[in-house]
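Number of protein chains: 2
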Amino acid sequence: MRAVVEQLEASRIREVANEGLGRPDVLKFWFGESDEVTPAFIRDAAMASLQAGETFYAQNLGLPELREALAVYTDGLHPGRGAAHWVDRLAVTSGGVNGLMLASQALVQAGDEVVAVTPVWPNLVAQPLIMGAQVRRVPLRVVADGPRAGAWALDMDALLAAITPATRLLVVNAPNNPTGWTLGADEQRAILAHCRRTGTWILADEVYERVYFAGDTPNGTAPSFLDVAQPDDRVIVAHSFSKSFLMTGWRLGWLVLPSTLTATFSKLIEYNTSCAPVFVQRAAAVALQRGQEVTPALVAHLRVCRDTLVPRLRALPGVILGEPSGGMYAFFRLEGHGDCLQTAKHLVREAGLGLAPGSAFGPEAAGWLRWCFASRDTDRLVQGADRLRRWQAL
Amino acid sequence: MRAVVEQLEASRIREVANEGLGRPDVLKFWFGESDEVTPAFIRDAAMASLQAGETFYAQNLGLPELREALAVYTDGLHPGRGAAHWVDRLAVTSGGVNGLMLASQALVQAGDEVVAVTPVWPNLVAQPLIMGAQVRRVPLRVVADGPRAGAWALDMDALLAAITPATRLLVVNAPNNPTGWTLGADEQRAILAHCRRTGTWILADEVYERVYFAGDTPNGTAPSFLDVAQPDDRVIVAHSFSKSFLMTGWRLGWLVLPSTLTATFSKLIEYNTSCAPVFVQRAAAVALQRGQEVTPALVAHLRVCRDTLVPRLRALPGVILGEPSGGMYAFFRLEGHGDCLQTAKHLVREAGLGLAPGSAFGPEAAGWLRWCFASRDTDRLVQGADRLRRWQAL
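Which chain is which? The protein sequence lines are A and B, in order. For reference, each letter of the first sequence is one residue, going 1 to 394 in the working numbering. For reference, each letter of the second sequence is one residue, going 1 to 394 in the working numbering.
Calculated from the structure, these hints are not laboratory results. It is possible that part of the hints are untrue.
Since the list gives no way to pick one copy over another, a pair counts as held whenever it fits inside one copy or between any two copies.
Mimicking SDA-like on lysine to any residue, the simulated pairs with C-alpha atoms at most 25 Å apart in a straight line are [as the list claims (entries may be wrong)]:
1. LYS28 / ALA166
2. LYS345 / PRO231
3. LYS28 / GLU54
4. LYS28 / ASP186
5. LYS345 / ALA190
6. LYS345 / GLU270
7. LYS345 / GLN109
8. LYS345 / ALA84
9. LYS345 / SER11
From just these sequences and the hints, can you work out the full model?
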């Protein structure tokens, strides 16, 4: 086996989750998904497709029906070019993570240098490693003082200094998993201008685009590289149905590409998964068409979740926590508990509380804990915070 | 974009299929799938899972229920070790092709040398290229005379001479798509013995294991590397639900691995697609449990399909065709029509007959045509052969 693959880290989140096997009493907030089932009308669309016998191969790039719906959706969020512009820039993928892997395959080869803004969910860094690249991490910094103390922020000078003409690819996930950090449009413009000079591709994981709470954009979504980039810029944006449509288990995502790359991604899809199931794509098309019934209420509820959990955590002794402006995670440090992997295991065993260790997202986040607050029932968040409080008092 | 990825060939099958867009009158035999819908009881299992709200992430390696069912299935086909032996050697993948891509990621890095037995469906060769390897093709040879004239056969000396200590990986697909060539157990033993000496991994694509007509094995399945290899041999076998269970569009497969690799493949799955949908896996588990209701009748029907089509093709002037002993393809040469891509396009336009050009499977197969005979209605095969006959007379 290849050494680089063998050395990929096993998931520390799963290592913690294993502590909770057979423990139904544990309140589980460790994985990045809501505990809410996909809405019935979306599941119904998949069932109707199965009933109709749609069990054959589909187009590599996705069903035309779904690509059309995605084009309308994209134009709605990033208006100005018209839906027709987007159709040729879309590739439906077998999950957001699959789209990101395809992008690494297209852009990265052995010896390439990749810059990643970290901490970040581990897959984004592992993918270029699998393709043989060197990954240089540019850490976000924790704000020390003031109203945003405990939040993570970009050191733009450090990032731009790290991206040189030798940098093949920048991978950046904002709104960020795990930190809740987001990128502003001006920052995106600055990064893009710099990457134009260095010839660096930007792979932007924007799957939390809709899960944005800052309220400082016209349509409520997080700033996107799609709003600042030209169609032929070296920018690929990855999306997923998982977070905005409560469809984690469906494994469906999409990429927005420069149109000159679309045919190549069609080939890469053929060689990786060939296509996504038709019945899954039918469900996704309905999710987009009736998205107004899902996403706005979901985002409003996630804000309630955040506003339920964050003050309760901040009220606990030794908690350092900035309010996340996007995503669905409270990311916090517990003073006096430096080994977050052990802390997370202790919390499972001793408090019945399931959190993800920050070190799963990079050494920069050692000592931190990630709490996914996407909970249908906000009482679970209250109970979880109580468990943490009582555990601290043990 | 990476040059190697940009240079990957676009599908010549799809290039031909594009000729038939909006032509419902074309009899389509170009893709490698049956025209039969997945059996209702399998679809019902997926619908029940969706109805029950199983829309969340699953384990990277697959649902325990499905892995258990696969272990029982594997032990049934390759008896002697017991089902428990296989559980730790299984990884559920997002299609057979996805499993093969994971294997290339695990085993192949830039500069590695890979040997491929060809002609073969293009994905098997493209995957190591994406990982930066050099691929050396070892062509099957067409039998010139005798009862097997027109069939493709392995030149064992040429294959073993091509596999040296510098060879990282051998990829071999038998029963073979497109040629219908199969490997015998003695040949598998010889290849394995040689690869043990050279330290070469074997990646065996055995997705047509069940679609075997020779009748020379105890349980009717094609000879498998699993029957000749030891558990810790450097052998990975790829499987799929697509062909044996009429589930092409579901995108579900599995790998059989040395148990020491399973944890690494769990990570690779996380970084590629993370998991297969639970509702797809539930359907697959039912397909395995009630497989006796599907696969034997399917294989018997495919034999009827083969025996309907092959004699009719052989009766046509200039057709060179060996009877396939496995798989679901009639692979034949039409004398006087050397450019098979153009021939296939002509056949669509002029005969209403949709076949795949042999050159899609490698330069060795230029001048050949692939006809997928997996047709629910054998009359379609008769009509297709008639169309070819009439076209020849034009």
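Outcome of the hint check:
no.: 1; hint: LYS28 / ALA166; verdict: neither (42 Å within a copy, 49 Å between copies)
no.: 2; hint: LYS345 / PRO231; verdict: neither (47 Å within a copy, 34 Å between copies)
no.: 3; hint: LYS28 / GLU54; verdict: between (36 Å within a copy, 17 Å between copies)
no.: 4; hint: LYS28 / ASP186; verdict: neither (37 Å within a copy, 53 Å between copies)
no.: 5; hint: LYS345 / ALA190; verdict: neither (41 Å within a copy, 50 Å between copies)
no.: 6; hint: LYS345 / GLU270; verdict: between (41 Å within a copy, 22 Å between copies)
no.: 7; hint: LYS345 / GLN109; verdict: neither (37 Å within a copy, 36 Å between copies)
no.: 8; hint: LYS345 / ALA84; verdict: neither (51 Å within a copy, 30 Å between copies)
no.: 9; hint: LYS345 / SER11; verdict: within (14 Å within a copy, 50 Å between copies)
Checked against the numbered hints listed earlier, the structure breaks hints 1, 2, 4, 5, 7 and 8; every other hint is satisfied.
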